[in-house]
Amino acid sequence: MQPKAIGGLTPKIQVKSLDSLYKNDSLVKEKTRGMFGSSNELIVYEKGGKKLLKLEPAERQNENSTISNIEILDARFKTQKGIGKNSSFKEITNQYNISKIENTLSKIVVFIDEENLYFTIDKDNITGNARYNTSIKIDKTQIPDNAKIEQLWLGWQ
1 MQPKAIGGLT PKIQVKSLDS LYKNDSLVKE KTRGMFGSSN ELIVYEKGGK
51 KLLKLEPAER QNENSTISNI EILDARFKTQ KGIGKNSSFK EITNQYNISK
101 IENTLSKIVV FIDEENLYFT IDKDNITGNA RYNTSIKIDK TQIPDNAKIE
151 QLWLGWQ
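Residue numbers for the sequence shown follow this note's numbering, so the first one is 1 and each next one is one higher.
Treat the hints as calculated values from the structure; they're not laboratory data. It is possible that some hints are incorrect.
The list that follows gives simulated cross-link-like pairs (lysine-lysine, DSS-like), each with its CA atoms no further than 27 Å apart [as the list claims (entries may be wrong)]:
(1) K50 <-> K23
(2) K4 <-> K29
(3) K78 <-> K47
(4) K4 <-> K16
(5) K137 <-> K148
(6) K54 <-> K81
(7) K137 <-> K31
(8) K4 <-> K140
(9) K107 <-> K51
(10) K85 <-> K51
(11) K107 <-> K50
(12) K100 <-> K50
(13) K78 <-> K100
(14) K78 <-> K123
(15) K137 <-> K100
(16) K140 <-> K31
(17) K140 <-> K85
(18) K16 <-> K47
(19) K29 <-> K47
(20) K81 <-> K31
(21) K100 <-> K123
(22) K100 <-> K140
(23) K123 <-> K137
(24) K90 <-> K47
Make the full structure from the sequences, and use the hints.
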């Protein structure tokens, strides 16, 4: 996994080309409806049925769209510095500089701009008022070293 590629997938690949890119795997197009609208996610499964990646197109309902975000669902995908879905916060901070930390309702979102990465950590890992109040800024020192990544994303847009 690199900042601008994960396997053969790059920011220039269009949705219409994904079937041929993942011909040895299974590509499932899922339409989901949420509170803020619908999305067209594409899930890449390996032949045994294990989920590998969740792809989010930049534009819904457009086969010419490129992919804007990729959720890494399989621990075998790692950055060039060895960070993957099962990494701890300490492993991440040993390898990368944190660009920004956002405090959301139930998660902490941590951004690594140099790699186009962002990941979430459950707020149950932290103590104090920031756990219950999204307007309180979270500093990296408030996140325990052993906190595990819940979601790992590669963002291209």
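For which of the previously enumerated hints does the structure constitute a violation, in increasing order of number? Result: hints 7, 12, 16, 20 and 24 break, sorted rising.
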